[in-house]
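Mapping of the sequence shown onto my numbering: position 63 corresponds to residue 546, and the numbering continues sequentially without gaps.
Watch out, some of these pointers could steer you wrong.
[What the hints assert, rightly or not] With a Cα cut of at most 30 Å, we get these calculated BS3-like pairs of lysine-lysine: (1) K523 <-> K548; (2) K647 <-> K493; (3) K519 <-> K548; (4) K493 <-> K620; (5) K647 <-> K523; (6) K493 <-> K609; (7) K609 <-> K620; (8) K620 <-> K647; (9) K647 <-> K609; (10) K647 <-> K519.
[To be verified] Restraint ranges, calculated between C-beta atoms of paired labels, are given here: (11) Q606 <-> Q495: 21 to 29 Å; (12) S537 <-> K609: 35 to 43 Å; (13) G512 <-> E541: 17 to 25 Å; (14) P544 <-> S616: 40 to 48 Å; (15) V533 <-> F578: 16 to 24 Å; (16) E607 <-> H525: 29 to 37 Å.
Calculated from the structure, these hints are not laboratory results.
Idealized CB from N, CA, C, for every residue including glycine.
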Amino acid sequence: SGETSWGDRKGQWLRRRRLDGAINRVPVGFYEKVWKILQKCHGLSIDGYVLPSSTTREMTPCEIKFAVHVESVLNHVPQPEYRQLLVEAILVLTFLSDVEVNSIGGIVHVDRIVHMANDLFLQELKSFGATGSILEKDVATGICHFFYDSAPSGAYGTMTYLTKAIIIYLHDFLPSTGCAMQ
Numbered sequence: 484s485g486e487t488s489w490g491d492r493k494g495q496w497l498r499r500r501r502l503d504g505a506i507n508r509v510p511v512g513f514y515e516k517v518w519k520i521l522q523k524c525h526g527l528s529i530d531g532y533v534l535p536s537s538t539t540r541e542m543t544p545c546e547i548k549f550a551v552h553v554e555s556v557l558n559h560v561p562q563p564e565y566r567q568l569l570v571e572a573i574l575v576l577t578f579l580s581d582v583e584v585n586s587i588g589g590i591v592h593v594d595r596i597v598h599m600a601n602d603l604f605l606q607e608l609k610s611f612g613a614t615g616s617i618l619e620k621d622v623a624t625g626i627c628h629f630f631y632d633s634a635p636s637g638a639y640g641t642m643t644y645l646t647k648a649i650i651i652y653l654h655d656f657l658p659s660t661g662c663a664m665q
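Please work from the sequences and hints to get the whole structure.
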């Protein structure tokens with residue numbers, strides 16, 4: 484039959500994140516977007532290493548030197564799947580570069596955003612009655628294995644939780660509207 488069971492797909496996104504992280508794969512236009520978001524904050528902290536906003540005064544967004552600088556910060560992350568979640572979080576963060584926000588504060592701690600997203604994911608799993616191995620976390624990073632193995636898109640995708648975490652993290656800097664986060 485043409486149906487694929489969960490068992491067949493289990494590990495698919497974890498493997499993909501490991502591979503993408505191991506070969507330093509980033510989305511098209513990633514570095515240019517990072518450059519734009521750096522103009523709205525004092526820097527991005529990734530696993531204790533800071534990519535300062537001053538970089539945007541020294542290099543252009545399309546400069547290879549800038550991409551190498553971004554990679555040098557990302558390459559401090561030893562786990563490729565964790566690196567890839569950080570890249571996803573930065574990508575979601577870069578969507579703010581198109582929003583009418585002058586500043587998103589000081590140094591943005593990207594790893595804190597990923598951990599907040601993971602916590603939101605775990606809270607939701609627990610609210611559905613999840614227990615045991617589904618809630619297991621990676622010892623090195625503290626991220627739930629099931630979160631690593633979730634697709635980026637969809638109602639329960641990593642991007643959904645990363646977006647919620649960014650909204651919570653940057654709440655004071657975002658424009659207030661009549662919309663509430665669900």
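Evaluation of the provided hints:
Restraint check for K523 and K548: the C-alpha separation of about 21 Å stays at or below 30 Å, so the hint holds. At most 30 Å may separate the alpha-carbon atoms for a hinted pair to count; K647 and K493 meet this at roughly 25 Å. For the hint linking K519 to K548, the alpha-carbon distance of about 16 Å falls within 30 Å, and the restraint holds. Between K493 and K620 the CA atoms are separated by roughly 16 Å; this keeps the pair inside 30 Å, and the hint holds.
This hinted pair checks out: K647 and K523 have alpha carbons roughly 19 Å apart, not beyond 30 Å. A distance of roughly 20 Å separates the Cα atoms of K493 and K609; the hinted pair therefore holds under the 30 Å criterion. Simply put, K609 and K620 have alpha-carbon atoms about 14 Å apart, close enough for the 30 Å limit, and the pair holds. Taking the CA atoms of K620 and K647, the gap is about 20 Å. The hint holds against a cut of 30 Å.
The straight-line distance between the Cα atoms of K647 and K609 is roughly 17 Å, inside the 30 Å bound, and the hint therefore holds. Between K647 and K519 the CA atoms are separated by roughly 21 Å; this keeps the pair inside 30 Å, and the hint holds. Q606 and Q495 have their C-beta atoms about 24 Å apart, which keeps the hinted 21 to 29 Å range intact. The beta-carbon spacing between S537 and K609, approximately 42 Å, falls within the hinted interval of 35 to 43 Å.
Separated by about 20 Å at the C-beta atoms, G512 and E541 satisfy the suggested range of 17 to 25 Å. Our hint of 40 to 48 Å for P544 and S616 holds, since their Cβ atoms are close to 43 Å apart. For the pair V533 and F578, the beta carbons lie near 21 Å from each other, so the given range of 16 to 24 Å is met. Between E607 and H525 the C-beta distance comes to about 32 Å, which sits within the given range of 29 to 37 Å.
The earlier numbered hints are all upheld by this structure, with none contradicted.
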